[in-house]
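Trainee: The primary structure of each chain is shown beneath.
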Amino acid sequence: MSTVKPLDVAIIGGGFAGIGAAIRLKQSGVTDFAILERGDEVGGTWRDNTYPGAACDIPSRLYSYSFAPNPDWSHTYSSSSEILGYIATMVDKFALLSYFRFSHTVTAVEFDEDAGIWRVSVDGHPTVTARTIVMASGPLANASLPAIRGIETYEGHKIHSARWDHDYDFTGKKVAVVGTGASAVQIVPKLVEQAASVKVFQRTPGWALPRVNLRTSERTKKLYRRFPATQTLARNAWFWGHESVALGVVWNTPLTRVVELVGKAHLRSQVKDPWLRRQLTPDFRAGCKRLLMTSDYYPALQKDNCTLVTWPIAKIAPKGIRTVEGIEHQFDCIVFATGFDVSKTGTPIPITGRGGRVLAEEWKTGARAYKSIAVSGYPNMYFTFGPNSGPGHSSALVYMAAQIDYLVEAITTVLDRNLKVLDVRQERQDEYNVDLQKRLDKTTWNSGCKSWYLTDDGFNSTMFPGFATQYANQLKSVELDDFTTVAMEPASQVRVPAGARAV
Amino acid sequence: MAMDLDNMLTKIKDKQWSLADIDWDAPGADTISPELHARLKPFMADLVWIENVGARGFAALARKAPNDTLKNIYLHFHAEEQKHANAELALMRRWGMLDGDEVPEPNVNVKLAIDWLDKYSDGMSLSFLGTVIPMLEVALDGALVKFIVDEISDPVCQEVFKNINSDESRHLAVGFEVLDILGHARTRKIVIELLGGWMNPALILGALMYVPLLNKMRDNIVAMGVNEERLYSAMRRFQSVGDRSTFVKRMPMYRIVSWHAGVVVNRKHPYHLFADGMVKATSHFPKRLLGPQPTWSKELTYEPVA
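Line order of the protein sequences matches chains A and B. All residue numbers for the first sequence refer to the numbering used here, where the first residue is 43 and numbers rise by one. All residue numbers for the second sequence refer to the numbering used here, where the first residue is 500 and numbers rise by one.
This is chain B alone, in the form it adopts within the complex (with noise of 0.2 Å):
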């Protein structure tokens, strides 16, 4: 049955929570190990920039959703993305794990993620964009969330991961939502858009940052000591449920992100040696050829109230 957006707007109003909402200096920091501290730092970091990247590519969706309701579901999508990397913030500084209260600079992939989402993300289809982003929400949010409410028992930080996994609930209902609402468009309509997308050398451009960014997110996932059976499951749901629906089947887009995803967790494809040497290449990426940090980028922060 398809979703009512006007009660899904609703319903994220409803929801809303606040970072003034946790206590942040409540009992429980010191659970964490010495040697979890070591390996969570990075994993954390990666996470905030995930989420601030993801907020984006949202900013982006607001732009091309086709009403008001869809809009404005975007627009909060955006700054709850935000939220979560804001309240990531605030839990690595709980841990002690920010550097003179600096924000973490992002690893290479995702300076290019930045860049690319600056430059092009406007100007990217509502089919690209929301196929791409639940995907991304499916594999990295999914996988590395349930990972630390698995792992980490500190109070704190399973009170914000549920409340991010119950915003994460409703991104993820809306994508597949708005996948099927795209997959009732004609064929020709589908293959035109298809056809005219991959022509853009904004979207070849973004695939190539797109297959090193997963890879590389991936190992560092692994050598967090996160089984890759939850990647695989997180890619399964991606799957699964897209593959309830004939419509969302009918998107191509769909179909090449979700065969990418199975690609991407078979360490034993041969599209890794392509992906491992994009992520090497990558790594001597020159960083003067990126543009200036945008400001968008330059806006999180783990202090409750401003």
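Extracted from the complex, chain A is given alone in its bound form (with noise of 0.2 Å):
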């Protein structure tokens, strides 16, 4: 057992999450703690997700911290390498590097009911001991090649749209996509000015809108940087723009076909053959599935070096891929844009509670939490991008931003009141889902339509049934009454002051 002091916070995770959690925790006074990242640096989705064309699909200016704004967004959408420096600037604006434990890969977390504190297995490390702990592992951290059949008979090589091979020369190869979902839309246009020929497998079109990115002008970044409301002005703009969007996309409304109008007349006005644009049409209610934005992937789709093939994937042979109209497409890559390992059922990492509850195993059948931070039976333990709090249509780091206020105040509240133990009632955990998954009846996401968001049983564990205001509001403040507390015992350590502890 280790006898080092343990940290106040272990942070798990060095994405944005984590960086986030470890801002407001510093500007709450909270110092002791430490983020504990896989990797060798910081950065999280975005410094695994380098494909071309990597970007965000959420305007730059709503996808960043409110509580550290970027004057200096280049454009209205920004590129994996942008976002990837704002990560940066703000470790350095906020002096996180010191705090970073770098290759520290956690395989396991147990809670110590007795002392209080999580114990943190670490691959080839001590382990850490903590009071208590942020789960920022983020959704969208574990990518693997998909189950297809002959997968691993493949000679040719083969790249996944998270684990870019940037040595690889695309420059006159024949190239596979498999996938068409936010990824493909991106790597594809990027893909064809280089390839020799490119052939995209797609099993199910999404609704795809146009996404107009333009330039911000110097003017524009001088003005947000001399009169910072202004830059808040424009983020609440986009804030409450795409708060209209849920309308149309989290429920199935008149203003879903809305949105699907816009989506077909997209279609039509960038391909004109009838038979590609049924290819591309989707069947389910546009919100069902995540919803693409791209002006440049159509178009990608109909050069003369690029075919969409729509054909049921048969098998991977050793040269390519088979499809059931009995043809083999024979590739020198496969490019597998075919999205994430989501934990829907289960945990990434296992995780014991208290009475030695094991969280996988209640996880079984969809996970589930407390206003999608915290789980009953695992006192002082916070998740950020937990169950059932993916947004449809807005930033996620709005979204995120109310969890790391939330998780902030509940860890102030344990270190505070030196509690041993705050762990959420079981009743209101139960409550608060049988009245989540009634509201996520009515939403596009369960309406049909086969996606990530689901479990292979039609469970909804991923997003949340509102407005991102509504779910910001729940987390304006931990209520103590939905938790239990044990205070620790006398003689245990007590805060020191904000200010008065060393880093």
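Derived BS3-like pairs (lysine-lysine); straight-line CA-CA distance at most 30 Å:
#1 B/K563 to B/K510
#2 B/K797 to A/K357
#3 B/K563 to A/K314
#4 A/K357 to A/K492
#5 A/K314 to B/K610
#6 B/K570 to B/K661
#7 A/K232 to A/K357
#8 B/K797 to A/K314
#9 B/K645 to B/K767
#10 A/K216 to B/K797
#11 A/K361 to B/K514
Calculated from the structure, these hints are not laboratory results. Quantities reported herein were computed from a predicted structural model and do not represent experimental measurements.
Two chains, two frames, some hints: make the complex.
Mentor: Structure representation (structure tokens):
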């Protein structure tokens, strides 16, 4: 057992959420924390997703923290490298680098109820102990090749979009792209410029809306710098614009038809061939799967060196992909833009709570938490992007900021009141989830299509059925009524007031 | 007993074959005599196009499927019909039947079918598509494929049609299962669907396209030397399999198609005065009235590898 004094907070994951939590903890006077990061650099998902064309499909003004505004965004929508630059700037500005412990892959966490501390097992390193944990490992952190028959027999080059091989030269190569989701629609337009030929294998077409990406003028940047309120105003305008989109995207309403009409008009304006248009027309309600924001995907598909293949894949053979129409499509390289391994049932690492209960067991039929952040039986542990915290219409960072403020309040409560246990009441969690699932029934996500939002059994443990404003409001403050508390024994440590503790 | 569609989908995936599995240069191509070659060429061209038309029918069915499993099955059948067309085209190439490696032109009745499918098939009901497509599969595929297997000894041809037959048996099994499911609906729903369907002018147009298509194909088949009895038995198969289920028999569309099938094979029936007239009329159909050939009908290929 470790004899080292436990940290106040262990943050697991050094992406957007981990860094945001660290900033807000510091601003609240909590400085005894560490960020355990499995990689060698900061950045999380944006460090990993560096495929050509990688960019955010939410406007940057909104895809950034309100407590760390950036007047220098070059365009409406930013590339992954610019977002990564923003993350690095935050790390610098808030002096977070010293809190990072890189190459620290957390393998398990276990709550020691007697001591009121979490024991965090780290691969190849001593166990870290902490009074509280922030699980900021991210929903889109893990990616693996899809389970397509024969994939292991393929002799060419294989690349997953989330683990891009920058050493591979696509010039003059025959390339396949498997998948037509958010990553693929960004990759394909870039690949057709470089590769000899590109075949895009589609299972289900998504709703695509135009993405108008304007350059931000120097004058506007200057304005934002000199008068930060103007930037806040611009952010608010984007925020409320996206909130209004929820009416058509989150719920199946007449406005959903409007979104579909825009999607169809976009398709019609860019694709002249009726059969190709049919192949690209979704047969589910807009919003049921993630909307695709792209203006250059359809034109790329119609380039002479690009083909859309909608025949089902029969198997992958040593030289290429065999489709059910009997043809073997041969390639030098297959790019799998097939998404991420999102934990909807089970947990990414073993989590053991009070009385030895195992969270993966409890989440076997679908993950459930209280307000997406806390789970009964697993005290002093807080999820960012936990169950049912996904936005379908707005910026993940808006949701994340609300989560972070809530968990910082919970953590300071544990520390200030010297609590051994701050555990959400089971009945509150159950009531919350019954109501949540009832509300989810009325959303587009539960309207019949298969998506990564749902478990195989159709249970929705990923999305929040409401406006971003509603989500943030429910997290406005930590109601102690919702929790059971156990105080530390008198001899135990008491939090040193902010500013008086060593970093 | 009701079919487990999930198991059927798994079976379909397990049974996949590819043009690349077949050695198209294997010996045996010379077993086709010059006389057979001449008769076989238009026959094979018709067959290729019928498969392609069937493929498009399944694409329309996939849009109507009431659940994901059936939709996925139909998407596979769509691709499998295309595979059959591709494989038959590859056989034509093997036998030197393609002029300059060009895909043969469809005849005017097939062109009309393509045009109709392109414009209206996605708007047809599951009960209509789900009845007509099994009928076409049984009558045309069943009779034609059986003829080829019996008459042509080329081992490559035998291998190809063994695979095609195996696929078709699953298409038919699912086809009749779906008819059975549809036949479980309340009488009121069945009647409303029938009346509503026939009030759609596209269905009337479809019938007017279907009548000469079938008669033309029948004549071509007979000219080819296929015994009419073979067609009879294929039609009887459609009727006997359908009649086994009380619920299939409840489907008026099935009754209509089944009756029509009986009439088509009975050359003495007065119906043929009308149908033959339609064949003649359509042979004068002005091509300019047809829309441009849809992209889906230009995707046929005899190349196993792309």
